[in-house]
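**Student:** Based on the sequences and whatever the hints tell you, model everything.
Chains as they are written, first to last, in the working numbering: chain A, 1 to 394; chain B, 1 to 379.
Watch out, some of these pointers could steer you wrong.
Covered stretches of chain B, going by a simulated chain A footprint (3 or more residues, C-beta under 8 Å) [to be verified]:
| id | stretch |
| --- | --- |
| 1 | 188 to 202 |
| 2 | 328 to 340 |
| 3 | 348 to 356 |
To list a few chain A residues with every Cβ distance to chain B over 10 Å, as calculated [claimed, not checked]:
| id | residue |
| --- | --- |
| 4 | D2 |
| 5 | S6 |
| 6 | E9 |
| 7 | L43 |
| 8 | G65 |
| 9 | D148 |
| 10 | N153 |
| 11 | V198 |
| 12 | P221 |
| 13 | K307 |
With a cut-off of at most 27 Å between alpha-carbon atoms, the simulated DSS-like pairs for lysine-lysine come out as follows [as the list claims (entries may be wrong)]:
| id | chain 1 | residue 1 | chain 2 | residue 2 |
| --- | --- | --- | --- | --- |
| 14 | A | K389 | B | K267 |
| 15 | A | K321 | B | K324 |
| 16 | A | K199 | B | K267 |
| 17 | A | K237 | B | K267 |
| 18 | B | K275 | A | K179 |
Just so you know, the hints here were simulated from the structure itself, not pulled from any lab data. Ideal Cβ positions, reconstructed from N, Cα and C, are used throughout, including at glycine.
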Amino acid sequence: MDLTFSPEEEAFRAKVRSFIAEHLPSHLKGRIRRDLGTKEDYLAWHRELYKEGWVAPNWPKQYGGTGWTVTQRYIFNEECARSETPPILPFGVSMVAPVIYTFGSDAQKKKFLPRILSGEDWWCQGYSEPGAGSDLANLKARAVRDGDHYIVNGQKTWTTLAQFADWIFCLVRTDPNVKPQEGITFLLIDMKSPGITVKPIIVLDGVREVNEVFLDDVRVPVENRVGEENQGWTYAKFLLLHERSGIAGVARSKKAIERLREIAAGEQVDGTPLMETDEFARKVAEAEIDLTALEFTELRTLAAEAKGKPPGPESSILKIKGTEIQQRITELTLEAVGYYAYPDAHAFGENEYPVGPENAVGAAGVYFNMRKASIYGGSNEIQRNIIAKAVLGL
Amino acid sequence: MDFSFSEEQELLRNSVARFLARNYSFDIFRKNSRSEPGWRRTIWKQFAELGLLGASLPEEFGGLGGGAVETMIVMEAFGRALVVEPYVPTVVIAGGLLREAGSGAQKQKWLPRIASGDTVIAFAFAEPQGRYNLADVTATAKKRGNVYVLNGQKAVVIGAPFADALIVTARTAGERRDTKGTSLFLLDARAKGVFRRDYPTMDGQRASEIGFENVEVPADTVIGTADEGLSLVERVIDEAIAAHCAEALGAMRVMHESTVEYAKTRKQFGVPIGKFQVLQHRMVDMFMQVEQSASMTLMVTLKLGERAEERKKAVSAAKVQIGKAGRFVGQSAVQIHGGIGMTDELALGHYFKRATMLDTLYGNVDHHLARYASLTKKA
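**Tutor:** In structure tokens, the structure reads:
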């Protein structure tokens, strides 16, 4: 057992750091922190990483992964968070791609994986439906076979950034006469297909982050089915485990605590910086200690993974604690900015001077927005059910 | 001991509830808060006709002679309806300052106009550097003959974009954070040298950053005694806090009720989600927080007339309870609703935002915990 980084690992960190310093356009640094950003904001950084071959550290090398060790991936994440790069969105790289390279056909691998890597295709996730949230297996979107095609009808919802998407991976019902989990199929659907309509859903902080996606007699070639018909639930669960393991967000939370400290250092309580008051310093300390525990829990998971152990149900811990800590930091940030939580940042144009100190901008919006974290990706109540059942055997 | 409303108070309660149900739906709130000018003078006049604007003002100046209980009744109803019009700054704060310390002429001039809905007044007290310290005033008012000359910057002045007049705190003596040396001025919102930057707030209201550049105000616009403004400000802000506790309570009640209702109808895994014990307990905890908040709202309302130390303790205690409860009830309501609770389309999120922002107003939980603790230490 050893906690120190080897000289090679330190050299790797230096390399990543200088790459980011050289290639991250200054206007993108911290861009996604305050609000959603544009499609181009994400893609500009995605393409920089693509040129370097660094888009998909989690993939096997043969498909375009980096071949990094677990420690290198950890360092890479830390450095990206430290410089506040736009994130690589999970839908293509971390969600559908592992399903495709694990369960997909050779043709699918050849067609889709390179375009995910290059950023040419933007993917979104067609899982939730109005009647199927926590109870995902209750989904109703129907796919009926018609020769070489499936005809799909139904509605998906909470589809993140579907307005930017070229493709959607969908869970659809192909057999309504068996147990719900046994009649589901995993389809890859071109968003340009006739019959697809995307309608915006505006969330609490006023942004269009999610959408409803309506599918009306959408024809999907059978070749776009992943794996076997009616086996989709297996692939879906596999994907959810992958989603959860990326969800802890430790490195980004560390950066958020660092920013919180800066904000609180600039606020004065009767002449003392807020960060130096006992009450607030202890609250920040508590969040940081929680985060340290989570970091080591994640490192243990990654170390096990490095030895070939696939992510298991205990990854729910990472989801629950990771999102609780993210939410706690946004709460403390909201407290720190005082009255300047009030101005609605979205009311100001891109080139307008913000009201109040620059680092207070968006604090309330982010707090409201992050309430989603304990709901998405399987609500934290569902995650606790998973741990109770699958880990504790209750 | 008697916690029941008088007949007149019951009448007020029913009439304000009926009026808002008819004229202040969620759709109206949303349209109103997003369009220019961001409030409705017409509904403000209707508040006046209903007697809401004068409910707590003296009868001799056009009011109904009520007090804190009447304010509580109105504000709880306003909290349920997400009212955006600046009732607290105009009626509770400006009305309260004038009632407590206004000269005969000032009362005569302003109070009837407040009660009749002809004048809206905003209270410019917070400063960008001051956080929640009411004595952290750097705006200055220098006496020059018969006038004061005002200079400085005020932050997040709620309701200022609609205001006809402003009450401004400024330093007439002493240094930043000195408890002595602040004074209150009541001036025309359009006076020369007043510069505003208006913006929407997170909870659907409007506010402004206001700069004062050599604004000349006559010496007779001072409210109360010059240099002695702080204790007056503290007293009236305590009354405002009690009013906002009632508002937050109204918002919390709606959040709790709509969550219970949703849990009864939303089905997952073949049953209403309200059948899941983990959610039942959470809704019970919400309920307890709402009831504790109702108790504290009543307590603080009834203790506003006590001597300063007792009053401050009561106010801080209520603000702490309501701040914590607002956070818990709001977060739980969104969580139990799931994705739909995150949407702008549903009223719920707007109540959550209002309750959250109310914790920030006039000092958050930490601020009032510290104030309470220091008051009890001294005792």
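**Student:** Are the hints correct? Go through all of them and say.
**Tutor:** Hints, verified against the model:
Chain A is given as covering the stretch 188 to 202 of chain B, and this holds because 5 residues of the stretch bring a CB closer than 8 Å to a CB of that chain, at least three being needed. Using a Cβ-Cβ cut-off of 8 Å, 5 residues of the stretch 328 to 340 of chain B lie near chain A, which meets the minimum of three, so the contact claim holds. For the stretch 348 to 356 of chain B, the stated coverage by chain A is satisfied: 4 residues place a CB nearer than 8 Å to a CB of that chain, which reaches the threshold of 3. D2/A, annotated as away from the interface, keeps every beta carbon of chain B farther than 10 Å; the closest lies near 41 Å.
Annotated as non-interface, S6/A keeps its C-beta farther than 10 Å from every C-beta of chain B; the closest such distance is 43 Å. The non-interface label for E9/A is consistent with chain B: the shortest C-beta to C-beta separation is roughly 40 Å, beyond 10 Å. Here L43/A stays apart from chain B, with its beta-carbon at least about 26 Å from theirs, past the 10 Å limit. With a least beta-carbon separation of about 33 Å from chain B, G65/A lies farther than 10 Å from that chain, consistent with its non-interface assignment.
Distance check on D148/A: its Cβ is at least 35 Å (rounded) from any Cβ of chain B, clearing the 10 Å threshold; non-interface status holds. With a least beta-carbon separation of about 22 Å from chain B, N153/A lies farther than 10 Å from that chain, consistent with its non-interface assignment. No beta-carbon of chain B is positioned within 10 Å of the beta-carbon of V198/A; the least distance is around 16 Å. Look at P221/A: its CB is around 31 Å from the nearest CB on chain B, clear of 10 Å, so calling it non-interface holds up.
Every beta carbon of chain B lies more than 10 Å from that of K307/A, the smallest distance being close to 35 Å; the non-interface claim holds. Between the alpha carbons of K389/A and K267/B the distance comes to roughly 21 Å, so the proposed pair stays at or under 27 Å and holds. Taking the CA atoms of K321/A and K324/B, the gap is about 21 Å. The hint holds against a cut of 27 Å. For the suggested pair K199/A and K267/B, the alpha carbons sit about 24 Å apart, so the restraint of at most 27 Å is met.
With a CA separation close to 22 Å, the supplied pair K237/A and K267/B stays within the 27 Å bound. The suggested pairing of K275/B with K179/A holds, with an alpha-carbon distance near 22 Å, which does not exceed 27 Å.
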